[in-house]
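Modelling step: build the complete structure from the supplied sequences, incorporating the hints.
As a plain string of letters, each chain reads:
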Amino acid sequence: MRWRFLARRLAMLVASLLVATFVIFGALFLAPGNPVAALSGGRSLPASSLRVLEKRYHLNQPFFAQYWYWLDNALHGNLGISITLRENVTTLIGSRIWTTAGLVLYASVIILILGISLGVLAGLRPGILDTSVLVTSAISAAIPSFVAAIVLIALFAVKLRWFPALGNGTDLISNIQHLTLPAFALALSSLAIVARVTRSAIREEADREHVQTAISRGIPGRQLIRRHILRNAAIPITTVSGITIASLIAVAAVVETAFSLNGLGAYLVASAQNKDLAVVQGISLVLVTAFVVINVIVDLAYAVLDPRVALGSRAT
Amino acid sequence: MSTSVPLVTVQAPAMTRRLRAAGLLRGTGVAGMISAAVIALATVMALIGGLIAPFSPTLPNLALSFVGPTGAHLFGYDYEGRDVLSRLLAGAQSSMLGPLVVVVGALVIGTLLAVIAAWRRGLADAFIGSGLDILFAFPGILLAVLAAAVFGAGLWAAVISLAIAYMPYVARVLRGAALKERSQPYVAALEVQGASATSICLRHIVPNIMPLMVAQATILFGYAMVDLAAVSFLGLGVQPPAANWGVMISENQIGIPQGYPLPALAAGACIVAVVIAFNVLGERLFEQAQGAR
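Note that the protein sequences, when read in sequence, are chains B and Z.
Each residue of the first sequence is one higher than the one before, starting from 1 at the first, in our numbering.
Each residue of the second sequence is one higher than the one before, starting from 1001 at the first, in our numbering.
The hints are simulated quantities; they were obtained by calculation from the structure and are not laboratory data.
Since this is a predicted model, take the numbers as computed values, not measurements.
Do not take every clue at face value.
[As the list claims (entries may be wrong)] Across the chosen pairs, the derived CB separations fall in these ranges:
(1) B:32 / Z:1100: 26 to 34 Å
(2) Z:1100 / B:132: 30 to 38 Å
(3) Z:1254 / B:117: 35 to 43 Å
(4) B:238 / Z:1036: 30 to 38 Å
(5) B:210 / Z:1126: 32 to 40 Å
(6) B:76 / Z:1063: 57 to 65 Å
(7) B:159 / Z:1104: 38 to 46 Å
(8) B:63 / Z:1127: 40 to 48 Å
(9) B:170 / Z:1071: 15 to 23 Å
(10) Z:1036 / B:213: 41 to 49 Å
[Claimed, not checked] Pulled from the structure, derived: some chain B residues nowhere near chain Z, Cβ distances all over 12 Å:
(11) 68
(12) 77
(13) 175
(14) 210
(15) 220
(16) 254
All C-beta atoms, glycine included, are put in the ideal place defined by N, C-alpha and C.
Have a look at this one:
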């Protein structure tokens, strides 16, 4: 049964990616304007050059043939050429992908460590701590990343001068320094959501009968929390952490723009403004793939943690 | 009834229990009313804000760039020397109307698909379900950026992309609720009496899942507001000099390194206040919708 679940999920992954590539490629087709004009930069070309261009980019062939050429190239790591920089899109992505990956990873670590520990603390200790976590998280969950970004810049970069405000660093230490404020801006609202879900999961498990039984059997506190409460609460916590972390991939574009980071997201936005469609397609493809793959990993983790899922997958 | 809660809504009863456990139900009542008041205020701003703005929201006066608050100008001037309060009032319209259209669009299409899937079951359900799963592959903001790249920057391309991106979330939750209605004896009774599928769906099933639809719409409004403001912040949504809260944050960002963050923060505060209000009210409505089941 578990293998069937895995197979079904992987089939969905491939289907999602195929549809995503179709949408991303189809978008170019919907774009108003002549692709040849975009390639020539608006200059009028002699008919012979036009024919060369049409042949090179397969412009005279039907839609599906063009889609196939594009997909085949993309699978071989060739995402076309940026019309503004006249460089390989793959190279342009390669030089920026680590900023985005570092930012999302940094934010994920913050979300997991702070979000889960705040949620666990609030869940286990009703009272002032609990109430303050609830209220703070309700407010933080509503703060968009770009608002968090300007507040953090105004406070920690301009007023206190603890961190640099904009741009990337030059070595590892300064890179981490430059990524700290962006990572917190990116993490804030997800952190609040993870803390809230963790808190309610802990609270719910702590109220359940098997925990009451364990308490009456005299099982020591630490073991009780780890083996009887956290083990079961891990299921909703994994799901919400996974979903929020996957969503960071898209929101990173906003944070990178706010902090002028040289990442994929900021480049995607700049390319969308310049109508550099090959770059937009390439980056969208990378981001959608990452998003879908993370979601599948979350689903699989969920199935491993909760055996009921794999068994019931056909019923739902 | 409470034993057959479908998998997708599994969080909502937990939320109810949590709030009861913490004794916050009464507190949520007050918070709910305050939230409703904030939403009402923002709606009034959206409707007549442009008319009651004391100064021109778009006429620049560079001599007054980033001048602080005075008696007649409560929030001072922005980077082009325009009155910040007037711009906030005028900007409410696009900041509120955009999310409204996103939510209505996502809700109408999502409900339609959910009810069809629940009514037909079998193949139609499986087909719609897989289609929705595939749509989940697109994060809303990414789709909006893609649309802006293809069709050019503007509010409406972003609104349509977000409505498409949010639709699966609506459909998934409502499908569970509609499926439960579908299996009720009264639906079978109506079928026996010869009522048409359309009339049963429109006059019985949809009204019965309405509370859940309203709760969903309220929560989605907050998300839509954040995402649309983000798109405008990125320069791909509402275009300056038109007033919009997201645009105001982006254009006044240059004041922050100069030590004058007030105009950007004021616009940010408007967004945060409205989003908190929609989140709190939405949670409360969700809880009621689940409690009524």
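Hint-by-hint comparison with the structure:
1. Taking 26 to 34 Å as the suggested C-beta distance range, the pair residue 32 (chain B) and residue 1100 (chain Z) conforms, at roughly 28 Å.
2. Between residue 1100 (chain Z) and residue 132 (chain B) the beta carbons are some 34 Å apart, a value that agrees with the proposed interval 30 to 38 Å.
3. Range check, residue 1254 (chain Z) to residue 117 (chain B): about 37 Å between beta-carbon atoms, so the 35 to 43 Å window is met.
4. At about 35 Å, the beta-carbon gap between residue 238 (chain B) and residue 1036 (chain Z) stays in the expected band of 30 to 38 Å.
5. In this structure, residue 210 (chain B) and residue 1126 (chain Z) meet the distance hint of 32 to 40 Å, their C-beta atoms being roughly 36 Å apart.
6. Taking 57 to 65 Å as the suggested C-beta distance range, the pair residue 76 (chain B) and residue 1063 (chain Z) conforms, at roughly 58 Å.
7. For the hinted restraint 38 to 46 Å between residue 159 (chain B) and residue 1104 (chain Z), the CB-CB distance of approximately 42 Å keeps it satisfied.
8. For residue 63 (chain B) paired with residue 1127 (chain Z), a C-beta distance near 24 Å fails the hint of 40 to 48 Å.
9. A hinted range of 15 to 23 Å for the beta carbons of residue 170 (chain B) and residue 1071 (chain Z) is inconsistent with their spacing of about 48 Å.
10. The beta-carbon spacing between residue 1036 (chain Z) and residue 213 (chain B), approximately 43 Å, falls within the hinted interval of 41 to 49 Å.
11. Listed as a non-interface residue, residue 68 (chain B) keeps its Cβ farther than 12 Å from every Cβ of chain Z; the least gap is roughly 20 Å.
12. Listed as a non-interface residue, residue 77 (chain B) keeps its Cβ farther than 12 Å from every Cβ of chain Z; the least gap is roughly 21 Å.
13. With a least CB separation of 21 Å from chain Z, residue 175 (chain B) remains clear of the 12 Å interface cut-off, as annotated.
14. Interface exclusion of residue 210 (chain B) from chain Z stands, the closest Cβ pair being 17 Å apart, more than 12 Å.
15. The claim that residue 220 (chain B) lies off the interface holds: its Cβ sits roughly 24 Å from the closest Cβ of chain Z, which is beyond the 12 Å cut-off.
16. Separation of residue 254 (chain B) from chain Z is inadequate, the least Cβ-Cβ distance of about 5 Å not exceeding the 12 Å criterion.
In terms of the numbered hints stated before, the structure departs from hints 8, 9, 16, listed from lowest to highest.
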